[in-house]
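Protein chains in written order, with our numbering: chain L, 1 to 234; chain Z, 1 to 234.
Among the hints, a few may not be true.
All copies of an identical chain are treated as equivalent in the list; a pair is satisfied when it fits inside any one copy or across any two copies.
With a Cα cut of at most 27 Å, we get these calculated DSSO-like pairs of lysine-lysine [claimed, not checked]:
| # | residue 1 | residue 2 |
| --- | --- | --- |
| 1 | Lys134 | Lys57 |
| 2 | Lys134 | Lys124 |
| 3 | Lys57 | Lys84 |
Derived from the structure by calculation, the hints contain no laboratory data. Treat the numbers as computed from the prediction; the structure is a model and nothing was measured.
Protein chains: 2
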Amino acid sequence: MIRLLVPAGALVQGETLRVDDDEAHHLEVRRVVEGSEVEALDGTGGRAVGVLHRDGKRWHVRVDSVTHEAHPAETLLAVGGGDKDRFLWLVEKAAELGVTTLVPIETTRSRHVENRLRQGTIEKARRRAREACKQSGNAWAPRIADVTPLEGLGLRHPNLAWWLADAAGAPAPTGIGATAIGWLIGPEGGFVADDLTIVERELAPVRVTLGVHVLRFETAAIAAAVLTADRRRA
Amino acid sequence: MIRLLVPAGALVQGETLRVDDDEAHHLEVRRVVEGSEVEALDGTGGRAVGVLHRDGKRWHVRVDSVTHEAHPAETLLAVGGGDKDRFLWLVEKAAELGVTTLVPIETTRSRHVENRLRQGTIEKARRRAREACKQSGNAWAPRIADVTPLEGLGLRHPNLAWWLADAAGAPAPTGIGATAIGWLIGPEGGFVADDLTIVERELAPVRVTLGVHVLRFETAAIAAAVLTADRRRA
Numbered sequence: 001m002i003r004l005l006v007p008a009g010a011l012v013q014g015e016t017l018r019v020d021d022d023e024a025h026h027l028e029v030r031r032v033v034e035g036s037e038v039e040a041l042d043g044t045g046g047r048a049v050g051v052l053h054r055d056g057k058r059w060h061v062r063v064d065s066v067t068h069e070a071h072p073a074e075t076l077l078a079v080g081g082g083d084k085d086r087f088l089w090l091v092e093k094a095a096e097l098g099v100t101t102l103v104p105i106e107t108t109r110s111r112h113v114e115n116r117l118r119q120g121t122i123e124k125a126r127r128r129a130r131e132a133c134k135q136s137g138n139a140w141a142p143r144i145a146d147v148t149p150l151e152g153l154g155l156r157h158p159n160l161a162w163w164l165a166d167a168a169g170a171p172a173p174t175g176i177g178a179t180a181i182g183w184l185i186g187p188e189g190g191f192v193a194d195d196l197t198i199v200e201r202e203l204a205p206v207r208v209t210l211g212v213h214v215l216r217f218e219t220a221a222i223a224a225a226v227l228t229a230d231r232r233r234a
Numbered sequence: 001m002i003r004l005l006v007p008a009g010a011l012v013q014g015e016t017l018r019v020d021d022d023e024a025h026h027l028e029v030r031r032v033v034e035g036s037e038v039e040a041l042d043g044t045g046g047r048a049v050g051v052l053h054r055d056g057k058r059w060h061v062r063v064d065s066v067t068h069e070a071h072p073a074e075t076l077l078a079v080g081g082g083d084k085d086r087f088l089w090l091v092e093k094a095a096e097l098g099v100t101t102l103v104p105i106e107t108t109r110s111r112h113v114e115n116r117l118r119q120g121t122i123e124k125a126r127r128r129a130r131e132a133c134k135q136s137g138n139a140w141a142p143r144i145a146d147v148t149p150l151e152g153l154g155l156r157h158p159n160l161a162w163w164l165a166d167a168a169g170a171p172a173p174t175g176i177g178a179t180a181i182g183w184l185i186g187p188e189g190g191f192v193a194d195d196l197t198i199v200e201r202e203l204a205p206v207r208v209t210l211g212v213h214v215l216r217f218e219t220a221a222i223a224a225a226v227l228t229a230d231r232r233r234a
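Chain L with its partners taken away, still in its complex shape (with noise of 0.2 Å):
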């Protein structure tokens, strides 16, 4: 089945789309012919069935059936990640595992100019997760923040049960069904003293294991979306 992405609340049954130009790019390239029916996602659980069709360069879908899917549990994962790569590949991977939303927090070992996030690559995130719910099916494209200072975290993403990725911490716990998550994953070099203060003043995390040995930010990331999806089937 093709599938294509439609701006945020477009999908509308009996309607007619127009195909955006990088959407339209992609149908060319797969050497999509006319009349084919397409699933439609919009990124905001909006999903369709519909069916192409080709106006010169342009291309529609007509909408002949919409389904809107319920927000799923919220899996945020307060990520201090760095490095811009690393950084895009992990968003990737949220799209997949169905985190809905992804932070990139500051922390006193990425705070600096030469590891810090920039705007740039940020929108270029949000992008990317949209793109990589059109490949997995995922309806719900996961909304990345802007970096966001640690402090004041728990005020702009409240009623999470917060988790601490740490080696020395329990296994996940079990039996969370819906539970709000927010994972907190320290940076290359981890969460420092100064750092940790401020997480166990304003969040009171639990601190959870992810593993024996040192995860770089994007695994642990992964890892703390995978604990958390097979925490809801259990």
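Chain L is already provided as a structure; the job is to place chain Z on it using the hints.
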């Protein structure tokens, strides 16, 4: 702590080892000074503490104490992965997450020239696995097999409980302790019916879910590694 890699089996207490050129280059780049304490890993369970000495451009390490870690419980990932970059990335993550063996398998959808892993990539993967051990502190580098046909996989890797990644499967079994586990991860597009016939006949796997969305092969393989390590802890 500075870590460096030495050849398998090279760590003997009281002896002095020449540091190879790649590792010596890393020491220079990191501006490590003579007399520094280092941790040396041999990738086959050997972990030593030693002291660095320098003789012009040559570096040596005097091995002061050695421990040999037992081989961890076998976690084998048989992966129908074709894309080189994604495979190499997976190798790094496998080392961080304690995978013991990675087997690129030849499946109907990953046996063609354009999507088959080349021998050069396999050799690069073996170096990458050791490098990732240095970063993560894992004393056992994952073994990377040559590309292996699906047929006969169980003869080459006997005495494993086989788990087949399948979105419609059950959650990963719990309480596995140190049971040797072999995962079967399909290529992009999945195993075809002929592949599954071989798999069922020769390996009789349990079907285990890794998530509800379509996962790229490397995402599925990492999720498998994370869940296996989790089930060993529980």
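Hint-by-hint comparison with the structure:
no., hint, result
1, Lys134 with Lys57, "within (22 Å within a copy, 52 Å between copies)"
2, Lys134 with Lys124, "within (16 Å within a copy, 31 Å between copies)"
3, Lys57 with Lys84, "neither (35 Å within a copy, 34 Å between copies)"
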